[in-house]
Amino acid sequence: MTATHPAGSAALEALYQEQILAHYRHPHGKGTLAAADATVTTRNPLCGEEATVTVTLDRTGPDVRVRDIRFTSDGCSISQASASMMTDLARGRTATEIAALTDRFADLLRGDAAATHDETLGPLQAFATLSRVPARIPCALLAWKALADALRPQ
Amino acid sequence: MTTVMTRRADFPLLVRQPGLHYLDSAATAQKPAVVLDAEREFYETSYANPHRGAYALSARATECYHDARTGVARFFGLRDAACLIFTRGTTESLNLVATAWGMHNVRPGDEIVVTRLEHHANFVPWQQLALARGAAFRIVELTPDGRVDIDLLRHAVTPRTKVVAVAHVSNALGTITPLGEVAAIARSVGALVVVDGAQSAPHMAVDIEALDVDFYAFSGHKMGAPTGIGGLIGRREILEAMPPYQMGGDMIEVVGDERTSWNVLPHKFEAGTPNVGGAVALAAAVRYLTSIGMTEVRRHEQTLTAMAIERLGALPGVRLYGPDATRRSGVVSFTVDGIHAHDLATILDQEGVCVRAGHHCAQPLLRRLGVSATARASFFVYNDAADVDALVSGVRSAQTLFHGPRVVSPGTPARPATASR
Numbered sequence: 001m002t003a004t005h006p007a008g009s010a011a012l013e014a015l016y017q018e019q020i021l022a023h024y025r026h027p028h029g030k031g032t033l034a035a036a037d038a039t040v041t042t043r044n045p046l047c048g049e050e051a052t053v054t055v056t057l058d059r060t061g062p063d064v065r066v067r068d069i070r071f072t073s074d075g076c077s078i079s080q081a082s083a084s085m086m087t088d089l090a091r092g093r094t095a096t097e098i099a100a101l102t103d104r105f106a107d108l109l110r111g112d113a114a115a116t117h118d119e120t121l122g123p124l125q126a127f128a129t130l131s132r133v134p135a136r137i138p139c140a141l142l143a144w145k146a147l148a149d150a151l152r153p154q
Numbered sequence: 001m002t003t004v005m006t007r008r009a010d011f012p013l014l015v016r017q018p019g020l021h022y023l024d025s026a027a028t029a030q031k032p033a034v035v036l037d038a039e040r041e042f043y044e045t046s047y048a049n050p051h052r053g054a055y056a057l058s059a060r061a062t063e064c065y066h067d068a069r070t071g072v073a074r075f076f077g078l079r080d081a082a083c084l085i086f087t088r089g090t091t092e093s094l095n096l097v098a099t100a101w102g103m104h105n106v107r108p109g110d111e112i113v114v115t116r117l118e119h120h121a122n123f124v125p126w127q128q129l130a131l132a133r134g135a136a137f138r139i140v141e142l143t144p145d146g147r148v149d150i151d152l153l154r155h156a157v158t159p160r161t162k163v164v165a166v167a168h169v170s171n172a173l174g175t176i177t178p179l180g181e182v183a184a185i186a187r188s189v190g191a192l193v194v195v196d197g198a199q200s201a202p203h204m205a206v207d208i209e210a211l212d213v214d215f216y217a218f219s220g221h222k223m224g225a226p227t228g229i230g231g232l233i234g235r236r237e238i239l240e241a242m243p244p245y246q247m248g249g250d251m252i253e254v255v256g257d258e259r260t261s262w263n264v265l266p267h268k269f270e271a272g273t274p275n276v277g278g279a280v281a282l283a284a285a286v287r288y289l290t291s292i293g294m295t296e297v298r299r300h301e302q303t304l305t306a307m308a309i310e311r312l313g314a315l316p317g318v319r320l321y322g323p324d325a326t327r328r329s330g331v332v333s334f335t336v337d338g339i340h341a342h343d344l345a346t347i348l349d350q351e352g353v354c355v356r357a358g359h360h361c362a363q364p365l366l367r368r369l370g371v372s373a374t375a376r377a378s379f380f381v382y383n384d385a386a387d388v389d390a391l392v393s394g395v396r397s398a399q400t401l402f403h404g405p406r407v408v409s410p411g412t413p414a415r416p417a418t419a420s421r
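Going line by line, the protein sequences match chains A and B.
Sequential numbering from 1 applies to the first sequence in the numbering used here.
Sequential numbering from 1 applies to the second sequence in the numbering used here.
Chain A extracted, bound-state conformation (with noise of 0.2 Å):
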């Protein structure tokens, strides 16, 4: 009972990056947004938890793109402070960009090695060693979910 558990303090600031705690603490784009052309919750059926995603759409090009966003949650820092990147990235962003960006974030937790060198993740990066917590895996993708189904073709 003396022995120490293989992981310490360090692989647990690795998991918790301060982007991370600072996204958690202070989330981008919390709350909902009046006049939504579509808002869709999702929820982890396996502990309860649900993100709410609110955009205003731009649809007068080929490609429907996000005007703005904002989201709501009541669920832990993994899947806050997803959400509230995804609001920085998704801003101003194309279905079809955004459906890419989100098989790039998912390639990352599942711990995919080029993922971990892709720049267009920007901050997503810091979630690169939840590949090691795969239980937390959809926390992170929670909110994302909820983006893909706001934006699929009407």
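The set of hints was computed from the structure by calculation and includes no laboratory data.
Warning: the hint list may mix true and false statements.
Capping the alpha-carbon separation at 25 Å, the derived lysine to any residue pairs in SDA-like fashion look like this [as the list claims (entries may be wrong)]: (1) A:Lys145 <-> A:Ala128; (2) A:Lys30 <-> A:Asp88; (3) A:Lys145 <-> A:Ser131; (4) A:Lys145 <-> A:Ala114; (5) A:Lys145 <-> A:Ala135; (6) A:Lys30 <-> A:Ala148; (7) A:Lys30 <-> B:Val371; (8) A:Lys30 <-> B:Gly370; (9) A:Lys145 <-> B:Cys361; (10) A:Lys145 <-> B:Val371; (11) A:Lys145 <-> A:Gln17; (12) A:Lys30 <-> B:Arg367; (13) A:Lys145 <-> A:Asp88; (14) A:Lys30 <-> A:Leu101; (15) A:Lys145 <-> A:Thr129; (16) A:Lys145 <-> A:Thr96; (17) A:Lys30 <-> A:Pro45; (18) A:Lys145 <-> A:Asp37; (19) A:Lys30 <-> B:Asp337; (20) A:Lys145 <-> A:Ala34; (21) A:Lys30 <-> B:Leu401; (22) A:Lys145 <-> A:Val40; (23) A:Lys145 <-> B:Gln363.
Some chain B residues well away from chain A (every beta-carbon gap over 10 Å; in silico) [what the hints assert, rightly or not]: (24) Thr28; (25) Gln30; (26) Ala48; (27) Thr99; (28) Ser188; (29) Leu312.
Some residues of chain A that are not near chain B, with every Cβ distance over 10 Å (derived) [unchecked claim]: (30) Thr52; (31) Gly61; (32) Asp103; (33) Thr116.
C-beta: ideal position from N, C-alpha, C; glycine also.
Since chain A is already given, all that's left is putting chain B on it; use the hints.
Frame of chain A; chain B shown alone:
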């Protein structure tokens, strides 16, 4: 520092992982070597399909199955072992009662009473039965410290109440329900008492004859047995009047082209080849618990629970849910201000501490508590003071990570919840 005895050496998984602090026994318990050995021994020496073969090996398997039932019945103080039905576990046992008894006895305008403490397994089957039969579904609320409010129960139960379904021990808070008082109230109107014993069977002495309830459901896997074996104890006259739950082999007497008659108890409710190996292992698990003594199991867990409540409660920003240690089993549900329960569980996991985080399959209860998730540490016979030390130390690590070292220095006064420095 403490003289709490450990039985860790009896559990091979815990021996192999010396740094592991397993505090999730309310979800499922680790298995003692004697259980694993008994199951293996059965498969290596006595395995065949029981109740069927006209050969010695099958007869031996039948005998093992019968002996397992007798042993488990004795553990619960049940004199008539045929009133113990082996099932996959508590969930199947409760569904059996809600379906086989409920669909034939609950009528439009009747009432079903449950409590705010219930696990989904003792909530959803009754809620759905009420919907299917046009019955009213009543939820008895709790006292502020998370106990079933007996006065409210008394008001909720009326002459139209057909069943009162209640957890003996809450899986989310550890609250122990005074079943005697519940049964007296139900008896006064002729309602059945159905008890979810998943969290009491492993952790305290249960004398089924003294409890005077109509049904008691339990899970082997929380008692040190493998998954997929558990039981339902019921009153003979009620079980005999009930139609079967599932149809198939073993549960029949004579199958005609038009009609079929049913086998006697307990076989009427055990369709198909039974989980004999599981039953044999469950019998070994109750022998193991009996060798410790259920009074000692309870005392041991109560000591650790009181220790955890005191030490977690002394940390600033930690909120504890549920009653004091004398009125709860070995379950400590808590939240830490500014840290979501899932983050807490991940951080604790990094230090080898396994706790559950979430709604604990008790969403109606957590809604009432006003939280979306709590962290839950739960104890069993293999835990000791070092596990409590690791839990408290892990919570302090989480606070340091999220709030900086200031909060966890000894003597720092409690401060309000905040997500910023």
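Hint check results:
Of the supplied pair hints, the one linking lysine 145 of chain A and alanine 128 of chain A holds, its CA atoms being roughly 19 Å apart against a limit of 25 Å. Under the criterion of a C-alpha separation no larger than 25 Å, the hint pairing lysine 30 of chain A with aspartate 88 of chain A is consistent with the structure, at around 11 Å. Restraint check for lysine 145 of chain A and serine 131 of chain A: the C-alpha separation of about 18 Å stays at or below 25 Å, so the hint holds. A hinted pair counts as satisfied when its Cα atoms are at most 25 Å apart, and lysine 145 of chain A with alanine 114 of chain A qualifies at roughly 23 Å.
The suggested pairing of lysine 145 of chain A with alanine 135 of chain A holds, with an alpha-carbon distance near 17 Å, which does not exceed 25 Å. For the given pair, lysine 30 of chain A sits about 18 Å from alanine 148 of chain A by alpha-carbon distance, which is consistent with the 25 Å threshold. Our distance criterion of 25 Å between C-alpha atoms is met by lysine 30 of chain A and valine 371 of chain B, whose separation comes to about 20 Å. Only pairs whose Cα atoms come within 25 Å are accepted, and lysine 30 of chain A paired with glycine 370 of chain B is accepted, the gap being roughly 21 Å.
The suggested pairing of lysine 145 of chain A with cysteine 361 of chain B holds, with an alpha-carbon distance near 24 Å, which does not exceed 25 Å. As the CA atoms of lysine 145 of chain A and valine 371 of chain B are separated by approximately 24 Å, the hinted pair is consistent with the 25 Å bound. For the suggested pair lysine 145 of chain A and glutamine 17 of chain A, the alpha carbons sit about 23 Å apart, so the restraint of at most 25 Å is met. At roughly 23 Å between alpha-carbon atoms, lysine 30 of chain A and arginine 367 of chain B fall within 25 Å of each other, so this suggested pair holds.
The straight-line distance between the Cα atoms of lysine 145 of chain A and aspartate 88 of chain A is roughly 16 Å, inside the 25 Å bound, and the hint therefore holds. Annotation: proposed proximity of lysine 30 of chain A to leucine 101 of chain A holds, straight-line Cα distance about 20 Å (limit 25 Å). Proposed proximity of lysine 145 of chain A and threonine 129 of chain A is supported: the alpha carbons are some 21 Å apart, at most 25 Å. Distance hint between lysine 145 of chain A and threonine 96 of chain A is fulfilled; the C-alpha atoms sit about 14 Å from each other, no more than 25 Å.
Restraint check: the Cα-Cα separation between lysine 30 of chain A and proline 45 of chain A comes to about 22 Å, which is no more than 25 Å; the hinted pair holds. Using a Cα cut-off of 25 Å, the hinted pair lysine 145 of chain A and aspartate 37 of chain A holds, with the two alpha carbons roughly 17 Å apart. Note on lysine 30 of chain A and aspartate 337 of chain B: the hinted pairing holds, with a Cα-Cα distance of about 20 Å set against a maximum of 25 Å. Straight-line distance between C-alpha atoms of lysine 145 of chain A and alanine 34 of chain A comes to about 21 Å, which keeps the hinted pair within the 25 Å bound.
For the given pair, lysine 30 of chain A sits about 23 Å from leucine 401 of chain B by alpha-carbon distance, which is consistent with the 25 Å threshold. Taken as a hint, the lysine 145 of chain A and valine 40 of chain A pair is honoured in the structure, with Cα atoms around 9 Å apart against an allowance of 25 Å. Simply put, lysine 145 of chain A and glutamine 363 of chain B have alpha-carbon atoms about 23 Å apart, close enough for the 25 Å limit, and the pair holds. Residue placement check: threonine 28 of chain B keeps its beta carbon more than 10 Å from all beta carbons of chain A (closest about 16 Å).
With a closest Cβ-Cβ approach of about 15 Å to chain A, glutamine 30 of chain B is found to remain outside the 10 Å limit, as its non-interface label requires. Listed as outside the interface, alanine 48 of chain B is consistent with that label: its C-beta sits roughly 40 Å from the nearest C-beta of chain A, beyond the 10 Å cut-off. Annotated as non-interface, threonine 99 of chain B keeps its C-beta farther than 10 Å from every C-beta of chain A; the closest such distance is 24 Å. Every CB of chain A is more than 10 Å from the CB of serine 188 of chain B (nearest about 37 Å), matching its label as outside the interface.
Annotated as non-interface, leucine 312 of chain B keeps its C-beta farther than 10 Å from every C-beta of chain A; the closest such distance is 19 Å. No beta-carbon of chain B comes within 10 Å of the beta-carbon of threonine 52 of chain A; the shortest separation is about 13 Å. Distance check on glycine 61 of chain A: its Cβ is at least 38 Å (rounded) from any Cβ of chain B, clearing the 10 Å threshold; non-interface status holds. No beta-carbon of chain B is positioned within 10 Å of the beta-carbon of aspartate 103 of chain A; the least distance is around 24 Å.
Against chain B, the non-interface label of threonine 116 of chain A holds: every CB pair exceeds 10 Å, the least being about 20 Å.
In this structure, every one of the numbered hints holds.
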